[in-house]
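Input sequences plus hints: build the corresponding full structure.
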Amino acid sequence: MMVRKIMLLGEIGVGKTSIVRRLVLDRFEADYKATIGTDIYRYEVLPSPGKAPFHFIVWDTDGSFGESIFRSVHVKEAHAALIVGDLTRRATLDNAWKLATGFANALPGRYLAIVLNKLDLFPPHVDPEVPEAITTSEFPQVKTSAKSGMNVKHAFHEAASTIVRRG
Amino acid sequence: MRSMKPPARSSAAADPPAASESRPSGGLDLGAAFAHAVERADFGFVWCDADLIVRHRHGRIVDFVPLDRPLTESVLALFGMDAQVQSLRRKPQMSIEVPNVSIMATDGATPRLNLQVTWQPRQHHFLLLVSRVMSISELEVELTRHARERQIMEARLVESAEAIARANAELTRANRELAEFAYVISHDLKAPMRAMRYFTEDLENALPEAERAGVREHLAKVREQSRRMSQMLTDLLAYSKIGRKEEAVEMVDTRALVGSITQSMPRPEGLALDIAGHWPRVETAPAPLDLVLRNLIENAIKHHDTGEGRVSVACRPSGNQLLIDIADDGPGIEPRHQSIIFQPFQRLAPDRPVDGSGIGLALVRKTVECCGATLTVSSAPAERRGATFRVTWPCQVIE
Chain A
1 MMVRKIMLLG EIGVGKTSIV RRLVLDRFEA DYKATIGTDI YRYEVLPSPG
51 KAPFHFIVWD TDGSFGESIF RSVHVKEAHA ALIVGDLTRR ATLDNAWKLA
101 TGFANALPGR YLAIVLNKLD LFPPHVDPEV PEAITTSEFP QVKTSAKSGM
151 NVKHAFHEAA STIVRRG
Chain B
1 MRSMKPPARS SAAADPPAAS ESRPSGGLDL GAAFAHAVER ADFGFVWCDA
51 DLIVRHRHGR IVDFVPLDRP LTESVLALFG MDAQVQSLRR KPQMSIEVPN
101 VSIMATDGAT PRLNLQVTWQ PRQHHFLLLV SRVMSISELE VELTRHARER
151 QIMEARLVES AEAIARANAE LTRANRELAE FAYVISHDLK APMRAMRYFT
201 EDLENALPEA ERAGVREHLA KVREQSRRMS QMLTDLLAYS KIGRKEEAVE
251 MVDTRALVGS ITQSMPRPEG LALDIAGHWP RVETAPAPLD LVLRNLIENA
301 IKHHDTGEGR VSVACRPSGN QLLIDIADDG PGIEPRHQSI IFQPFQRLAP
351 DRPVDGSGIG LALVRKTVEC CGATLTVSSA PAERRGATFR VTWPCQVIE
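The listed protein sequences correspond, in order, to chains A and B.
The first sequence begins at 1 in the working numbering and counts up one residue at a time.
The second sequence begins at 1 in the working numbering and counts up one residue at a time.
Since the hints were derived computationally from the structure, they do not count as laboratory data.
It is possible that part of the hints are untrue.
Pulled a few chain B residues facing chain A out of the computed Cβ check, cut under 10 Å [claimed, not checked]:
id : residue
1  : Ile-103
2  : Val-133
3  : Ile-152
4  : Ala-195
Restraint ranges, calculated between C-beta atoms of paired labels, are given here [to be verified]:
id : chain 1 : residue 1 : chain 2 : residue 2 : range
5  : B       : Ala-105   : A       : Ser-161   : 23 to 29 Å
6  : B       : His-337   : A       : Glu-29    : 54 to 60 Å
7  : B       : Leu-171   : A       : Glu-29    : 37 to 43 Å
8  : B       : Arg-176   : A       : Glu-29    : 46 to 52 Å
9  : B       : Thr-374   : A       : His-154   : 51 to 57 Å
10 : A       : Lys-153   : B       : Asp-49    : 36 to 42 Å
11 : A       : Asp-120   : B       : Asn-320   : 18 to 24 Å
12 : A       : Glu-29    : B       : Tyr-239   : 52 to 58 Å
13 : A       : Lys-153   : B       : His-337   : 58 to 64 Å
14 : A       : Lys-153   : B       : Asp-51    : 31 to 37 Å
Here are the simulated lysine to aspartate or glutamate pairs, DMTMM-like style, with alpha carbons at most 25 Å apart [as the list claims (entries may be wrong)]:
id : chain 1 : residue 1 : chain 2 : residue 2
15 : A       : Lys-147   : B       : Asp-107
16 : A       : Lys-33    : B       : Asp-42
17 : A       : Lys-147   : B       : Glu-140
18 : A       : Lys-51    : B       : Glu-97
19 : A       : Lys-143   : B       : Glu-162
20 : A       : Lys-153   : B       : Asp-107
21 : A       : Lys-76    : B       : Glu-201
22 : A       : Lys-33    : B       : Asp-107
23 : A       : Lys-33    : B       : Glu-269
24 : A       : Lys-98    : B       : Glu-162
25 : A       : Lys-98    : B       : Glu-149
26 : A       : Lys-33    : B       : Glu-159
27 : A       : Lys-147   : B       : Asp-42
28 : A       : Lys-76    : B       : Asp-82
29 : A       : Lys-98    : B       : Glu-159
30 : A       : Lys-153   : B       : Glu-73
31 : A       : Lys-143   : B       : Glu-159
32 : A       : Lys-33    : B       : Glu-149
33 : A       : Lys-33    : B       : Glu-140
34 : A       : Lys-98    : B       : Glu-154
Treat the numbers as computed from the prediction; the structure is a model and nothing was measured.
Beta carbons: idealized from backbone N, C-alpha and C, even for Gly.
Written as structure tokens, this is what we have:
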């Protein structure tokens, strides 16, 4: 069995908990409840991207950690990170970019993707504006909706596939 | 926020087999009492062997940790830390702490926990002390959550304010460009128009007398169209300027105002012009009111198809507004045309010769909108001739 630790990072209220709860419990709660501390989940990636079963230990972190999380040992053994931003709040996308570069510096070579959440709040024909720093970066990006479930599994499965591929 | 630090002294917990055994002491069963307390307390202990396999546990709070399984299988917060935990064997005075975590599962979640791992060299065991987070009460957690929610709302407000500021800046820029555009139209385009008229005159004069007669009519048409276009450009400039200037409010004698407008207005002899009702003194911006009345009265006169009849201008104060009706007994306006007439340069009967470019009612409507007034038109030519324009003009009525 392959078990890997993945961090969910991002500003307060961007939807980290909604994403992981959609992933693990297939549930979405409209009521916002800030995560105080850290919630830890286990998720089996199905079908497994490798020969052996693949599990993620998902660390849903308190958004108030900000960049200080890289000065703690929280992320030390992390194999990957999904950095979440709220498409309706530009400042959270700028912050996601900072966190992404922070993670890449703290753990070079680890898988990292930027998750642009709350896509459901835009009409279908509207392409939300994303900072150029993100769109032109080398980090994979995925637009998600924790509310509808759109691309949530995909984001984690991509991470798992990349981790397996890299060995 | 995991750290290695010297552990708190916990001699009872450091002795796994004894913790749940009874030890008689002067008739008191302290061991049983301790075990009883642990079972009900907000803390618990887990002992693991040197390979981090769970061998003992005490306390309901650690019920989620199965025996004889690797510790990190259930205590997910320690996953991947085997090497770090093992390093404690070389530093038994140190500990590894993971504060404020909750381990989630499909069938529920642990309470919020503080975890502390130490190595107990005497027993050759790892000890995991698990305690419920007590430093943050439920109330404090709720307060923190509310503070976070407020933080998000404030961030949203700031973003909205920035978006509004950006939109305002864009609007200001667009208005400036429009003003510049209007200036270009009114000034730069009028000059070549003027030049065209002069050139047609020069051309006419340069032609031998014998050839002039053949082109004179055409040149006159060119001049006329040029003049018409110049007038349209002038009107367009006037239209674009409406509402862009703060109009000063002053005392206005509305009877005197309407009198001065009608006195100087040319009209066919057979067309009577009545001023009726009560025209009070009011506090208002005189220039926009003048523009509205002048254009509506002029419109009624100009579009009267017979030149015989009556145009009536009546006023009635109502609260802090004037209700002004401009009525005529002309051809009227079909209901389907009643919105078109307020568009610039629109004419319902372009074949009928009427002075002006056709911007008068557009000027009126824009002025009315800028002043917070309203304008309606009622006419049903299929039933009876005539049209009535009603203006509701906000102002401070003095008398």
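Hint check:
no.: 1; hint: Ile-103; result: 5 Å, holds
no.: 2; hint: Val-133; result: 7 Å, holds
no.: 3; hint: Ile-152; result: 4 Å, holds
no.: 4; hint: Ala-195; result: 48 Å, violated
no.: 5; hint: Ala-105/B <-> Ser-161/A: 23 to 29 Å; result: 25 Å, holds
no.: 6; hint: His-337/B <-> Glu-29/A: 54 to 60 Å; result: 56 Å, holds
no.: 7; hint: Leu-171/B <-> Glu-29/A: 37 to 43 Å; result: 39 Å, holds
no.: 8; hint: Arg-176/B <-> Glu-29/A: 46 to 52 Å; result: 48 Å, holds
no.: 9; hint: Thr-374/B <-> His-154/A: 51 to 57 Å; result: 55 Å, holds
no.: 10; hint: Lys-153/A <-> Asp-49/B: 36 to 42 Å; result: 38 Å, holds
no.: 11; hint: Asp-120/A <-> Asn-320/B: 18 to 24 Å; result: 48 Å, violated
no.: 12; hint: Glu-29/A <-> Tyr-239/B: 52 to 58 Å; result: 55 Å, holds
no.: 13; hint: Lys-153/A <-> His-337/B: 58 to 64 Å; result: 60 Å, holds
no.: 14; hint: Lys-153/A <-> Asp-51/B: 31 to 37 Å; result: 35 Å, holds
no.: 15; hint: Lys-147/A <-> Asp-107/B; result: 21 Å, holds
no.: 16; hint: Lys-33/A <-> Asp-42/B; result: 24 Å, holds
no.: 17; hint: Lys-147/A <-> Glu-140/B; result: 28 Å, violated
no.: 18; hint: Lys-51/A <-> Glu-97/B; result: 35 Å, violated
no.: 19; hint: Lys-143/A <-> Glu-162/B; result: 24 Å, holds
no.: 20; hint: Lys-153/A <-> Asp-107/B; result: 21 Å, holds
no.: 21; hint: Lys-76/A <-> Glu-201/B; result: 89 Å, violated
no.: 22; hint: Lys-33/A <-> Asp-107/B; result: 19 Å, holds
no.: 23; hint: Lys-33/A <-> Glu-269/B; result: 80 Å, violated
no.: 24; hint: Lys-98/A <-> Glu-162/B; result: 21 Å, holds
no.: 25; hint: Lys-98/A <-> Glu-149/B; result: 22 Å, holds
no.: 26; hint: Lys-33/A <-> Glu-159/B; result: 21 Å, holds
no.: 27; hint: Lys-147/A <-> Asp-42/B; result: 35 Å, violated
no.: 28; hint: Lys-76/A <-> Asp-82/B; result: 13 Å, holds
no.: 29; hint: Lys-98/A <-> Glu-159/B; result: 18 Å, holds
no.: 30; hint: Lys-153/A <-> Glu-73/B; result: 23 Å, holds
no.: 31; hint: Lys-143/A <-> Glu-159/B; result: 21 Å, holds
no.: 32; hint: Lys-33/A <-> Glu-149/B; result: 8 Å, holds
no.: 33; hint: Lys-33/A <-> Glu-140/B; result: 14 Å, holds
no.: 34; hint: Lys-98/A <-> Glu-154/B; result: 21 Å, holds
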